[in-house]
Amino acid sequence: MDVGIVSYGAYVPRYRITPAEIGKTWGIDGEAMGKGLLIHMKSVPSPDEDVITIATEAARNMMSRCNVDPKHIGAVYVGSESHPYAVKPSGTVVAEAIRATPEMTAADLEFACKAGTAGIQMCMGLVGSKMIRYGIAIGADTSQGAPGDALEYSASAGGAAYLIGSEKIIAKINKTLSYTTDTPDFWRREGAPYPQHGGRFTGEPAYFKHIGSAAKRLFDAMGSRPEDYQHAVFHQPNGKFPTRMAKELGFNDQQIKFGLLTPFIGNTYSGAVPLGLANVLDNARPGERIFVVAYGSGAGSDAFDITVTDEIEKYNRQAAPTVADRLKDTLQLDYGRYAKFKGKIMMG
Amino acid sequence: MREVAIIGVGITKFGELWDASFRDLGIEAGLKAMNDANLTGSEVDGMFIGNMSSGSFIAQHHISALIADYSGMASQNVPSTRVEAAGASGGVAFRQAVMAVASGMHDIVVVGGAEKMTDVSDEAANSILDSATDQQWEAMFGATFPSLYAMIARRFMHEKIATREEIASMAVNSHAHGALNPDAQFRKAITLDTVLRSSMVSDPLTVFDCAPISDGAAAVVLCPLDAAKKYTDRPIKVTASAQASDTLALFQRNDITTFGATAAAAKRAYSSAKIKAEDISVAEVHDHFTIEGIMALQDLGLFKKGEAGKAVKDGQAAIGGKVAVNTSGGLKARGNPIGATGVAQIVEITKQLRGDADKRQVKDARYGLAHNSGGTGSTVVVSIMEAL
Amino acid sequence: MSVARHWRETPGRYNLVGTKCGNCGRIYFPRRSICPECRRASFGKMEQYMLKDHGTVFTYSVVHEASADNNNLKPYAIAMIRMDDGVLVTGQLVDVDLDKVEIGMPVRAVLRKLGDESHIATINYGYKFVPKDK
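Just so you know, the protein sequences line up as chains A, B and E, in that order. The first sequence begins at 1 in the working numbering and counts up one residue at a time. The second sequence begins at 1 in the working numbering and counts up one residue at a time. The third sequence begins at 1 in the working numbering and counts up one residue at a time.
If you are wondering where the hints come from, they were derived from the structure by calculation, not from laboratory data. As the structure is a computational prediction, the values presented were derived from the model and not from experiment. The C-beta atom is built at its ideal place from N, Cα and C for all residues, glycine as well. If a hint is listed, it holds; no wrong ones were tucked in.
Selected chain E positions facing chain A (in silico; Cβ < 8 Å):
| # | residue |
| --- | --- |
| 1 | Tyr14 |
| 2 | Asn15 |
| 3 | Asn72 |
| 4 | Leu73 |
| 5 | Ile123 |
| 6 | Lys128 |
| 7 | Asp133 |
Simulated pairs of lysine-lysine, DSSO-like, Cα-Cα distance not exceeding 30 Å:
| # | chain 1 | residue 1 | chain 2 | residue 2 |
| --- | --- | --- | --- | --- |
| 8 | E | Lys45 | A | Lys71 |
| 9 | E | Lys74 | A | Lys328 |
| 10 | B | Lys160 | E | Lys132 |
| 11 | E | Lys52 | A | Lys168 |
| 12 | A | Lys71 | E | Lys52 |
Output of the computed footprint for chain E on chain B, the stretches with three or more beta carbons under 8 Å from beta carbons of chain E:
| # | region |
| --- | --- |
| 13 | 132-142 |
| 14 | 194-207 |
Work out the full structure, taking the sequences as your base and the hints as a guide.
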């Protein structure tokens, strides 16, 4: 039985701020910082947005593109590192908002930036084993960067939702595998407002080692090479890392073009790979093959080998806004309003 | 049904009355009214108190007993009833008292209205006022009380029923009159510019389009008309007191440029008084917001739809104009202690019809009207008084 | 903490679920247990009805003095929306350039945070409106 993507939906908040604007406040050349990170601007959630509202919007977009009865959905997994509640699931609100309740399971996932793709793997297992007919996996974040910290130039908000099933799949997931170790490159303790990170330790032993290893395992398992894929999507904490990773693995700029969104929206954490993949699917044609590797600090990588099916021709992509639509009509913020939006101003 | 007369009125100063408690205010107004009616107190056999939200403002419910107690009525076990209908609490309390006397159930009834609003922060006071709207489906969703009226004003402007300046002129009219009322919260005339240029509350309404937060109380004493001369030389006849309801939420209405409850209550009141709108020479209308006052003038038939704004701007609502509107200063300048407002309107009309209104006296007034509204016109009372 | 008061209204808050009178077919939002037109004849015949999520601005205001829930959003637009199903619904209009809000503007319902009683209380979610996608 083929298991794959039946539908998908994306959401990115409308507000943006530029690294130059952030740098102005801290006396840093933000423009240079942005160029180094390959980030032109980042998305900012409105004060009334959080992971639950972002996940809901993505899920509703996903549902509007297909004719699946929400009552046939057996699982809702929301992956995020910024769930609004420490205890109380995000997924139940999302499930109610798409009227999928009550005969279903739900759980919130956390694995830094790869909780969304972990959800896809879980849904694949449940669908493949026929425990459920359809499952939803969502990766969404309103990620936090401490004021003045390097993360503040990249940490943004957005998410994408995937309906996993075995009927009318627009993209078949040929294979998925993971690579996981205990590598503390980035963390946030319970109750702490902002994450901490190991600086340059987040690079070589963390991001590059895990994505590289998962990618190589996937090539080996599939007997494939970079040129077999039209598209590649890598986790993208900035624009620089995935570009270098792609080059090291043998992919060219054209292959990562659609999957690389960080330059325009910043690092959406759990939303990053799901959004990159959504943009690929917005533009993909039948028969195209997609290479995907997510990364979550702590650390692990989930890799996917995906083939777009003929079904995508009949699929109603126009029923919801594309990722490209979400990059247009933005509202720019200055640092003062940004700080207010993010609740960074201490109120009396 | 017996005819009913007003034989005494009393009112406190309205404003930020830091020294006065809720009970101080209620008792002061009540005693003034009793004194005005030459009563000792033992004649009183019924009490009604209009109050919107003492539970939220001063954490005290059961104020019917509180006022009965502190006014000395508890010792003779006089029945006391608290009435709540948001901004129309005072007007509804008055109407309940009128019915009690008219029916023969009671002979001498004191109607009080009181609100102590400044014991909480402005923000808390505003959110208590928001609860006059549909708390679950308006306030919860970000609609503030002023914003609902601002949306009405927007429709007025969009449908060209009144211009922004015409709407604002309601406040100019109220302030001009408030300047003549020693009990008013604001005793200062303003210009159109003051309204248009003050800070925005809810676009297009500014601070000067909105009535203030106030403390205060008012009271009137009623008795059967045929017994009134025993207590006063100048009884005022209650010719009509009509009430009407509408949906709680504004969005449940198809047309928000008219309040159906005001039109219905006015129609019932004119019919019961056997007069026409043209017979009214002095009116107290509920101007919690300028737009509310303009709309009321139209719904009451005092001015035609599309003409009220212009008429007010042209001075037709001033003392000496076609109909003298809000000679007390209205909610805007006299002040708006919510539960007291409806009763304060009756006090003002009574003073006008008696010829007791000093500098703001309207000449030869025979019929006076009081229009008291709760929420966004969800409860409306229109009462008509007649000089004998 | 009034959790249940909010929880029992979630169908209306999340998905604009109102009622349709089984007697006359009129649609109401929020839910009602009887039809104000049919009254007794509608009793027991009121059905759940989910509004379509599109509408146009009927009237609006930009709120400058807001309650605590909306302090971080102010000034914000509040609007009465004429839904495609005919009924009016009041809600915030967000993610919009306040100078460009106008009567007749097409909008779409989205789920947003409405507020919370404190940082340790539950978060209330409900509909708000955004400009319709071009």
